[in-house]
Each structure stands twice: as C-alpha cells, then as structure tokens.
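With my numbering, letter number 35 in the sequence shown gets 35, and the count goes up by one each step, no holes.
Read the hints as simulated data drawn from the structure, not as lab findings.
These figures come from a predicted structure and were not determined experimentally.
Incorrect hints may have been included.
Computed Cβ-Cβ distance ranges for the label pairs, DEER-style [to be verified]:
1) H109 / T11: 15 to 25 Å
2) L85 / H109: 12 to 22 Å
3) L67 / A105: 35 to 45 Å
4) T130 / I90: 22 to 32 Å
5) V89 / A123: 13 to 23 Å
6) P133 / L112: 30 to 40 Å
7) F119 / Q41: 46 to 56 Å
8) L85 / P4: 19 to 29 Å
9) D64 / G101: 41 to 51 Å
10) T3 / S97: 44 to 54 Å
11) L31 / I90: 19 to 29 Å
12) V21 / V89: 23 to 33 Å
Glycine residues also receive a C-beta, built at the ideal position from the N, C-alpha and C atoms.
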Amino acid sequence: MATPARFEQVTLLVLALVHLVVQLTHGYSHLAADVGLSAMQQVFIYVVATFMPLAAVYVALRKDVRLGAGLFAVSMAAAFLFGYLAHFVIDSPDLHSNVVGDYAALFFHSALSLAIIEFVGFAFGFTIATRKPR
Numbered sequence: 001m002a003t004p005a006r007f008e009q010v011t012l013l014v015l016a017l018v019h020l021v022v023q024l025t026h027g028y029s030h031l032a033a034d035v036g037l038s039a040m041q042q043v044f045i046y047v048v049a050t051f052m053p054l055a056a057v058y059v060a061l062r063k064d065v066r067l068g069a070g071l072f073a074v075s076m077a078a079a080f081l082f083g084y085l086a087h088f089v090i091d092s093p094d095l096h097s098n099v100v101g102d103y104a105a106l107f108f109h110s111a112l113s114l115a116i117i118e119f120v121g122f123a124f125g126f127t128i129a130t131r132k133p134r
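Build out the structure end to end from the sequences listed, making use of the hints.
Next comes the structure, spelled out in structure tokens:
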C-alpha cells in the first residue's frame, strides 16, 4: 500500500505533467492565433509557470514533500494570477475576448483549463505544505 507521502508526491507529479501539457497547448494557441507575448511575459512563463513547478516536484520527490508542495503552490498561485489577469481581466491582445479567428476557441478553452489546473495545483500544494508534520 502506498504511503500518504507517496500519494502526495505522485499527485504533485501528475498535476505538474497535466499543467505542462495544457500549457504547451495554450502556447500553441498563442502561436496559431498570432497572440504575441512580451519578453518579460515569456521569462515569467518559462521560469515561474514552467520550470518552477517541475523543480518543485523534484524537491518533493527527492528532498522534502512539504517544501516541494510549498514551492509548487507558490508557482501555481503566481501562474494562476498572471493567467487570470492576462486572459480574463486586462484588456490586451491576450484577453480571450480579443482573440478572433479559427483558434479563438482553442485559446479560450486552453486558458480556462490552465486557470483550473493552476488553482487546483495551488490548493493541493498549499494543503500539503501547511499540514501538521506527521
């Protein structure tokens, strides 16, 4: 039988991999719909939304589950806030309602999927990171 810590590690890994797949799909929708990103947005996405969740899972698997989960929660919260504001609040080319054409639906649905997985990732990571030590 799997230990609770192992379940948490595997769940963090699955969430990170699902996030990466959805993120790649959304990245494709950006290219296909011709919605550009600034250099700063690209750096944020590569570092905080792509590298940090994977590094957090590595920490959770190899070092400390609670620390890795905390890092994962921080990266997911930051990615959620960034994506929510960019795709659903701020009037810019990245706002889902400003994207038109054949890839508008893919853009919207992948942005919404990112928001959902990032919120779930934050909640799960936060729950693990803040639990009482066993």
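Each hint tested on the structure:
no. : hint                    : in the structure
1   : H109 / T11: 15 to 25 Å  : holds, 24 Å
2   : L85 / H109: 12 to 22 Å  : holds, 18 Å
3   : L67 / A105: 35 to 45 Å  : holds, 39 Å
4   : T130 / I90: 22 to 32 Å  : holds, 30 Å
5   : V89 / A123: 13 to 23 Å  : holds, 21 Å
6   : P133 / L112: 30 to 40 Å : holds, 36 Å
7   : F119 / Q41: 46 to 56 Å  : violated, 20 Å
8   : L85 / P4: 19 to 29 Å    : violated, 35 Å
9   : D64 / G101: 41 to 51 Å  : holds, 46 Å
10  : T3 / S97: 44 to 54 Å    : holds, 46 Å
11  : L31 / I90: 19 to 29 Å   : holds, 21 Å
12  : V21 / V89: 23 to 33 Å   : holds, 25 Å
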